[in-house]
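Chains as they are written, first to last, in UniProt numbering: chain A, 1 to 167; chain B, 1 to 167; chain C, 1 to 167; chain D, 1 to 167.
One should not assume that every hint holds.
In this list, chains with the same sequence are indistinguishable; a pair is considered to hold if it fits within one copy or across any two.
Cross-link-like lysine to aspartate or glutamate pairs, in silico, DMTMM-like; alpha carbons within 25 Å at most [said to hold, decoys possible]:
#	residue 1	residue 2
1	Lys62	Glu36
2	Lys51	Asp103
3	Lys99	Asp60
4	Lys99	Asp42
5	Lys51	Asp18
6	Lys155	Glu36
I should point out that these hints are in silico values taken from the structure, not numbers from a laboratory.
Protein chains: 4
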Amino acid sequence: MAVHIFTTGGTIDKVYFDVLSEYQIGDSAIPGIFVEANVTCDYQITELMRKDSLEITEEDRKLMAAELAASEHSRVLLTHGTDTMVQTAQLLAESTSDKNLGDKTIVLTGAMQPASLRVTDSIFNVGFAMAAVQTLPPGVYIAMNGRVFNAGEVKKNRAAGRFEANL
Amino acid sequence: MAVHIFTTGGTIDKVYFDVLSEYQIGDSAIPGIFVEANVTCDYQITELMRKDSLEITEEDRKLMAAELAASEHSRVLLTHGTDTMVQTAQLLAESTSDKNLGDKTIVLTGAMQPASLRVTDSIFNVGFAMAAVQTLPPGVYIAMNGRVFNAGEVKKNRAAGRFEANL
Amino acid sequence: MAVHIFTTGGTIDKVYFDVLSEYQIGDSAIPGIFVEANVTCDYQITELMRKDSLEITEEDRKLMAAELAASEHSRVLLTHGTDTMVQTAQLLAESTSDKNLGDKTIVLTGAMQPASLRVTDSIFNVGFAMAAVQTLPPGVYIAMNGRVFNAGEVKKNRAAGRFEANL
Amino acid sequence: MAVHIFTTGGTIDKVYFDVLSEYQIGDSAIPGIFVEANVTCDYQITELMRKDSLEITEEDRKLMAAELAASEHSRVLLTHGTDTMVQTAQLLAESTSDKNLGDKTIVLTGAMQPASLRVTDSIFNVGFAMAAVQTLPPGVYIAMNGRVFNAGEVKKNRAAGRFEANL
């Protein structure tokens with residue numbers, strides 16, 4: 001079973017650039033994570049953008065929807081900043097009348113700490129999401145904090161730094 | 001949704017004891033992994049034994065089956081050494097005529113590198129298995145190398161250090 | 001032998017704050033480094049400021065010189081951003097006619113990658129500097145890249161990201 | 001200034017071999033440590049043996065003394081298991097009437113946790129020892145726990161897992 005991974009930026013891929021004395025979104029950390037975990041499932045990675053999710057616009061979201069719909073894969077993982085992940089999941093869920101999206105299992109995930117840190121949630125989250133996307137039926141989901149949420153039934157609790165059901 | 005995690009030993013929990021100048025299976029690494037990943041799903045951990053899977057006997061496997069059957073949870077994650085994980089999954093799959101097991105989603109996982117290492121598959125594998133156990137229908141599965149295998153349809157390729165379909 | 005450690009900011013102590021989606025200088029990483037390395041030598045830590053060294057002013061440097069001179073310890077380690085570490089070392093070297101500074105062994109160190117990263121020079125550099133400060137005779141030194149440089153005889157090669165002799 | 005590093009085994013270089021389900025002393029971790037810390041000082045590494053220090057014999061110690069004496073470098077770092085590091089330092093100190101050893105700065109170091117672990121003293125200890133060997137006058141020293149000890153004036157407190165002055 002193959003998974004099509006789309007990256008849009010967010011925290012997972014933030015790396016520290018000493019020349020600039022700051023972090024920036026770098027190349028996707030996912031290939032490295034997959035090598036260290038010896039992941040053997042087939043996958044394809046497409047980088048759509050490198051944005052903090054507070055900077056993601058409605059145009060960006062429509063681009064994501066179009067790109068996901070155009071994928072020949074039925075299993076799609078979308079990495080995304082956590083701040084507006086709920087909004088992107090919502091738009092994708094509303095777009096599933098589009099047959100090309102409606103037939104797909106779409107899982108969004110992200111992280112609060114970059115994969116480049118010694119202590120991070122990135123690795124666990126990517127592992128968790130990779131299983132969710134291979135096992136869940138068609139639909140749009142958010143996979144965070146070791147739980148699977150249906151799009152439209154989740155919110156980010158910013159103060160607590162975690163996702164919670166919003167039924 | 002709650003997950004009942006049973007630990008039996010294996011590589012995930014191996015830690016280096018300097019006094020002994022060697023690695024031994026230590027306390028479960030899972031609570032620490034869950035703290036770092038900010039896992040909020042309910043779970044319970046039961047340590048059944050601390051054995052390399054080459055040392056696991058048929059009696060041990062029957063104990064595991066009995067303990068899993070006695071769990072009040074329908075979602076069960078079993079961490080296990082990789083060398084005989086296939087055999088344990090096989091016995092559990094053969095025991096599912098026992099209604100108490102047959103109603104459960106049972107996922108086995110392990111690792112080739114301890115969670116205590118800087119470079120490891122443990123974190124990804126635990127994350128991956130935690131999603132699988134929450135999403136899969138009742139049955140017995142092995143979750144390794146970023147893939148889900150049905151018990152009875154998988155083997156460990158020892159030379160390559162990975163699990164493969166054995167249909 | 002006791003070491004007085006003064007922190008001024010710089011890269012060693014940068015941590016990722018997910019709420020802010022960025023790195024900022026956090027609490028000193030040194031106590032944690034010392035615990036993990038089981039450091040038993042006596043030490044005292046004084047935080048002077050939390051600045052990228054590009055933001056350090058001449059007033060800041062004079063404050064550092066005054067604080068170091070006022071220390072009752074003869075062994076002083078100063079952690080500092082790498083971009084203007086050479087300038088601070090130069091000012092301290094010029095101030096050693098002040099008897100309170102002239103009697104001291106003063107070692108400056110920093111890092112190109114924060115201690116919070118999985119791959120970092122921070123730990124090695126702090127270890128290296130802690131030995132240098134305990135063994136060198138009175139004077140002002142920069143300890144970077146596994147080498148000890150006399151203040152006034154070193155420059156930072158920004159393009160290559162390392163310190164070199166500048167005789 | 002060049003440093004000649006001799007490795008004899010011990011904990012720094014222990015790696016986990018999943019095929020064997022155990023740790024073993026692997027290739028020296030030092031080149032990798034030096035790359036990550038961007039160490040630019042000249043060095044040469046010679047592997048003498050791969051032994052836990054409880055297995056080191058008097059013949060082994062005489063070999064070490066001969067090899068160190070034959071080195072064309074005056075700065076020598078010897079990595080060694082911690083259990084009998086004191087004994088090896090003692091023999092080297094007693095051999096310094098041999099002019100070829102007596103002119104050298106010889107620093108022994110090791111670790112309680114392998115460099116391959118996420119939490120380790122190896123990196124700090126190697127950094128610390130690399131400074132000590134470049135700054136100390138001729139003699140034989142043990143560099144552990146962030147302190148420098150003269151050979152003959154140190155013991156390992158096994159219960160506490162650290163080195164202490166033994167005056």
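Status of each hint after checking the structure:
1. Lys62 with Glu36: neither (33 Å within a copy, 33 Å between copies)
2. Lys51 with Asp103: neither (27 Å within a copy, 44 Å between copies)
3. Lys99 with Asp60: within (20 Å within a copy, 50 Å between copies)
4. Lys99 with Asp42: within (24 Å within a copy, 35 Å between copies)
5. Lys51 with Asp18: both (20 Å within a copy, 15 Å between copies)
6. Lys155 with Glu36: Cα proximity of Lys155 and Glu36: across copies only (21 Å, versus 31 Å in one copy).
Checked against the numbered hints above, the structure violates hints 1, 2; every other hint is satisfied.
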